[in-house]
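Single-letter residue listing:
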Amino acid sequence: MRNRPVYVIVYSITICLAASLLLAVASSGLRETQERMREADRKFNVLKAFQAEVVTADGRRIPTETVETMYETHVREAWFNADGSPADGGLQVFLWTDDGVVSRYAIPVSGQGLWGPVYGYLALDLELKSILGVTFYRHQETPGLGGEIEKDAFVEPFRGQSILAADGSILPVEVVKGRVAERYPRGAPWIAVDGISGATLTGRGVSEFMTENLKTYEVVFQALRRGQP
Amino acid sequence: MSAKSIKILTDPLSENNPITIQILGICSALAVTVQLRTALVMAAALTVVTAGSNLIISLLRNTIPTRIRLIVEMTVVSTLVILADQFLRAYLYDISRQLSVFVGLIITNCIVLGRLEAYAMSNPPGRSFLDGIGNGVGYSLVLVAVAVVREIFGSGTLLGARVIPESLYAAGYANNGLLLLAPGAFIVLGLLIWAQRTVSGHVETD
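If you read the sequences in order, they're chains A and B.
In short: position in the first sequence from 1, add 1303, done, that's this note's numbering.
In short: position in the second sequence from 1, add 4, done, that's this note's numbering.
Derived by calculation from the structure, the hints in this document are not laboratory data.
Treat the hints with care, as some may be off.
As the list claims (entries may be wrong) - SDA-like mimics (lysine to any residue), calculated; alpha carbons at most 25 Å apart, straight line:
id : chain 1 : residue 1 : chain 2 : residue 2
1  : A       : Lys1454   : B       : Ala199
2  : A       : Lys1346   : B       : Ser104
3  : A       : Lys1454   : B       : Tyr95
4  : A       : Lys1454   : B       : Pro128
5  : A       : Lys1454   : B       : Thr42
6  : A       : Lys1518   : A       : Glu1338
7  : A       : Lys1454   : B       : Arg41
Said to hold, decoys possible - Computed spacing ranges between beta-carbons, pair by pair:
id : chain 1 : residue 1 : chain 2 : residue 2 : range
8  : A       : Ser1323   : B       : Ile27     : 31 to 37 Å
9  : A       : Arg1364   : B       : Trp198    : 55 to 61 Å
10 : A       : Thr1519   : B       : Ile27     : 51 to 57 Å
Using N, Cα and C, we set each Cβ at its ideal position, and we do this for glycine too.
Starting from the given sequences, assemble the full structure and let the hints guide the process.
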């Protein structure tokens, strides 16, 4: 009986339907919690780019509620048009405030990696000149290779680099194939970090989209600088 | 519980340990044991999947058409693995990011399919469930043993808390970086297999 063709077909369909139903129910039931976790992780990364204290002394993340409170207290979101004028949507800028006084800025950076979109944040100091930190928090790159972009070791070298050339124009970003010190023994002419071996294409994607993102925000940064007291 | 049931539960802990005796599930044992925390979560996930799929397949064992047996087994295991992954993403988000693909790869872990074929297909549900738990725990023991060694001697911490005092570092002690990489894991695992087989007296009969 159980090897008759009709039985096999009906059985297969039943198993598939049962599995799909179970997964659909679980997925919709868990969706809200997962969204909240993803949003908390996004906020965590904004804070991390700002170099806020989001990791304890022994390397553990601070609890979700603390992340949300810290974000609520210190981070403001603002939007601008491409020409630098304030808007209700468009180019997003995060402002870090201490008691209402702005001291740091951050922008979302995103673009195409190797296998899919990469999302991160880049934080700058008050003059919008020196990089405070970079984080990448969502991507589809290969774990161990392109996926290493989310590790501290990869983003740490961004810190302290200037985004402005001597003439005030925005510099491009390069994830060097190999080490910066070997490629540019006399210092890199622009924003450069060591590449990840085995992840050249991811690095290339990161270089391209970060350069483009910075270029897009150039006018916004100028407007922000002008608007400062 | 009957003596037989207890034996089903305890055999895989040492006598018939899935990793050290059956030599199954090695790959993930290497990958997730860099830290004890990730090893524990992985071990729990695998135990749940093995026990759950053993139970379900055992309940269905007399109804599954022979020609789609493996496919049905894989469907059941995949569904459980996806459920486990979804739960981790909702409740243990940052551990799930650290485990990244390895939870999804539980479906490829030979222990799961191995026990389905070797036990669940020919045994009643209660016993199959126990067999799943036993093998899951046996796997967990090995994972924990390897992870403890790797985390303590590779990073000087255990569950994130520092256990090797600063004074030792100042005196010249350094973390063993090799233990954080796959070759180091292989070595620890090999030594563990050797030790466990010596203690249990297992001899390869070919």
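Quick rundown of the hints versus the structure:
| no. | hint | verdict |
| --- | --- | --- |
| 1 | A:Lys1454 / B:Ala199 | 36 Å, violated |
| 2 | A:Lys1346 / B:Ser104 | 20 Å, holds |
| 3 | A:Lys1454 / B:Tyr95 | 22 Å, holds |
| 4 | A:Lys1454 / B:Pro128 | 47 Å, violated |
| 5 | A:Lys1454 / B:Thr42 | 17 Å, holds |
| 6 | A:Lys1518 / A:Glu1338 | 31 Å, violated |
| 7 | A:Lys1454 / B:Arg41 | 18 Å, holds |
| 8 | A:Ser1323 / B:Ile27: 31 to 37 Å | 35 Å, holds |
| 9 | A:Arg1364 / B:Trp198: 55 to 61 Å | 38 Å, violated |
| 10 | A:Thr1519 / B:Ile27: 51 to 57 Å | 55 Å, holds |
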